[in-house]
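Chain order of the listed sequences is A and B.
1 is the number of the first residue of the first sequence in our numbering; add one for each residue after it.
1 is the number of the first residue of the second sequence in our numbering; add one for each residue after it.
Among the clues, some could well be false.
Label pairs and their computed distance ranges (CB to CB) [as the list claims (entries may be wrong)]:
no. : chain 1 : residue 1 : chain 2 : residue 2 : range
1   : A       : Pro120    : B       : Val338    : 50 to 60 Å
2   : A       : Arg136    : B       : Lys372    : 31 to 41 Å
3   : A       : Thr124    : B       : Gln442    : 43 to 53 Å
4   : A       : Gly45     : B       : Gly194    : 52 to 62 Å
Please keep in mind that the hints were generated in silico from the structure rather than gathered at the bench.
All residues carry an ideal CB built from backbone N, CA and C; glycine is no exception.
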Amino acid sequence: MKLTLDPRAKLLVLVLINIFIITSPDIQTEIVGVALVALTLLAMGAIKSFFKAILMYAGMLVVLSLCALFPDNPISAIIAMIMVCFRKIAPTLFFAGGLIATTKVGELVSAMQKVRIPKPIVITFAVTLRFFPTAREEFASIKDAMRLRGIGLTAGNILTRPLTVMECVLVPMMMRCATIAEELSAAAVTRGIEAAGKRGSVTVLKMRPPDWIASALFVALVAFSAMGGVPLLSG
Amino acid sequence: MTINKGECVLLCGESGCGKTTLTRLINGLIPHFYEGNFSGSVRIADFDIAETKPEALAHIVGSVFQNPRSQFFNLDTTGEIAFGCENLGLPTSEIRARVQATARELGIENLLDRDIFALSGGEKQKIAVASAYALNPDIFVFDEPSSNLDHDACLELAALMKTLKQSGKTIVIAEHRLYYLTELIDRAIYIKDGKIEQEWTRDAFLALSDEQREALGLRATHLSELKPADDGRAMRAPTTPDEGGRAMRAPTTPDEGGRAMRAPTTPAALTVSGLSAGYKRGKPVLTDVGFFATPGEIIGIIGKNGAGKSTLARVLCGLHKEMHGAVALGDKQLKATVRAGTFYLVMQESGYQLFTDSVENELLLSASRKEKPSAEKVASILQSLSLTALSDRHPMSLSGGEKQRTAIGTAIAHNAAVLIFDEPTSGLDFGNMCRVSDVLKQLSADGKIIFVITHDFELLNRVCTRILILDGGKVHDDTPLDIQNLSHIKEHFT
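Chain A extracted, bound-state conformation (with noise of 0.2 Å):
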């Protein structure tokens, strides 16, 4: 059984965790924090995001502990600070891309009018997120003309000809986005975009009892980490 939640719960919750890594006082609370984002990715039903965030969380740890073991190596202290901050954002990202795979993009769409976020803001949001498939299927289209040109993607070319294979990757990748966002908008404009005046919505947005609580979870959660998260209960 999966849990459909309303847009809006999905990202009064993305704020809720935003707020809650900014106040967590220490890892204990932040380890709570990561695994009630990670039952909620299961319970939406977003398998994939629930074992990426799981597994790229646990490295995380592994890697910071292995680094407290040389605490005076320079590039133990590197690899260290760079994994924090991974570390800090890891939650937003996880949700998000729980978020992005279980929404529609006309009900992200309409969640925003409903909160009455300005509409060019949420035509941006709305172009931004067609987006990222369009550029994968791009990136992979280049990435074979690179091979066929023996300039592929791999470690060795980066490494002894890093400026080629960046200039190899951005000018077609730039050359094919400009084109392609010129031919989107000229679509979008022959269907109406621009009308002045409230947009309709093909999808119903109600939030039900399941919104309240995943909401109220996370307030829950924002709560706890103010008052001093995991210490707390032991001291």
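Let chain A serve as the given structure and place chain B on it in line with the hints.
The following block gives chain B in isolation, referenced to the frame of chain A:
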């Protein structure tokens, strides 16, 4: 000119003649989206285009464009069909009713609630028609809608257009490929250098002789009347495995074979045997594909969507590793990792393959890892592809055909022995199609082995000596292209 209600009008003419501009005047993209000099007036129904914003035209004129990749706003089909209605602020119940009605009337219920990125080109184009249809416009404008479609998808698109016409819609189509529209159009308008030159009724247009049509630079209107170019090339190709085998054994005496290996430019024959390939999930896409090709052959690869054409190309070029089987050039077996480059793929969209800031540097880059080609070699390649005058131009400022020739040039500079072309003539007018076929023949005369994946029956007839028909991941037929076999091959195009 005047287009009446319920009429179906074809706009034809060479690339760059102004067909697309004319369609943009009808849907209001000119002057509101693309700006420039504008004089005169366009009236659609009772609206003056210059004073009507595109959003006010959205429910009067529906547009379908060339590239299915870049005309969608949503990631799912239902959301896409609803998109226009949402923009105009219709109530939810009305939007839903319209999406359902659209799907029913156009017969695409099976495409609802699907991931757009997983659809085939033909299905995407149907969704594009549906999303315009949902706004219930009286006029439909198509701008080269078949450029990225295979033969079957073209026919399905034509059927969809027929449905539109029967429900009284006015249809304007700018197009190069004409044969799939012959049943549909009422009138054809020929544009040259931005002016309307000629106008025919359907019957008069279809009665044009081949000479008249080709002089105007137009593609064939009847596939059934095409014949292979009759210069006896087809006769030279090895026709049976046995003959092929003999041709292969001949040059591989130890002595000759050794020489061939030292000089990679010496043409060597290609042997593909027992090739199977697939992706992580699902059945193998190719099973036990085998064939033989000699230098100078131009082999057409045809087959339906999903028959394995593009996978075969990717495997030959080493972009995708085979599961079983072998690919050998001369007597030297080549692993997938070393094939990239020796087997060169000229992609349908050449824009991906150009990386530098000038045509000349593009040719120099291609071989930079081993040895740079000499200035004379680059000059002669540019000369042979009529690119000399463009050698300092930025590749992105070139036309589609020029980009394609530049990509071919990089393959030659790369000493590629086998060139595979993926739909080299999609969206090309007659003149440009002829140029492509001339380049292919020239490459063949230089001893390259050439494969052409195409849905373009006209091109096949002009250049190919032999046809490989793929079906369900197998070589269904391997046959020389000559008069005797023509009707058999044609079955795949009608």
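Practice prompt. Mind checking the hinted window 43 to 53 Å against the Cβ distance between A/Thr124 and B/Gln442?
Written response: Because 49 Å falls inside the window, the suggested range holds.
Worksheet item: Okay, A/Arg136 versus B/Lys372 on CB: inside 31 to 41 Å?
Response: holds, 34 Å
Worksheet item: Does the hinted range 52 to 62 Å hold for A/Gly45 and B/Gly194 at CB?
Response: Check passed, 56 Å falls within 52 to 62 Å.
Discussion item. For the hint 50 to 60 Å, verify it against the beta carbon of A/Pro120 and that of B/Val338.
Written reply: For B/Val338 against A/Pro120, whose Cβ atoms are near 52 Å apart, the range 50 to 60 Å holds.
In this structure, every one of the numbered hints holds.
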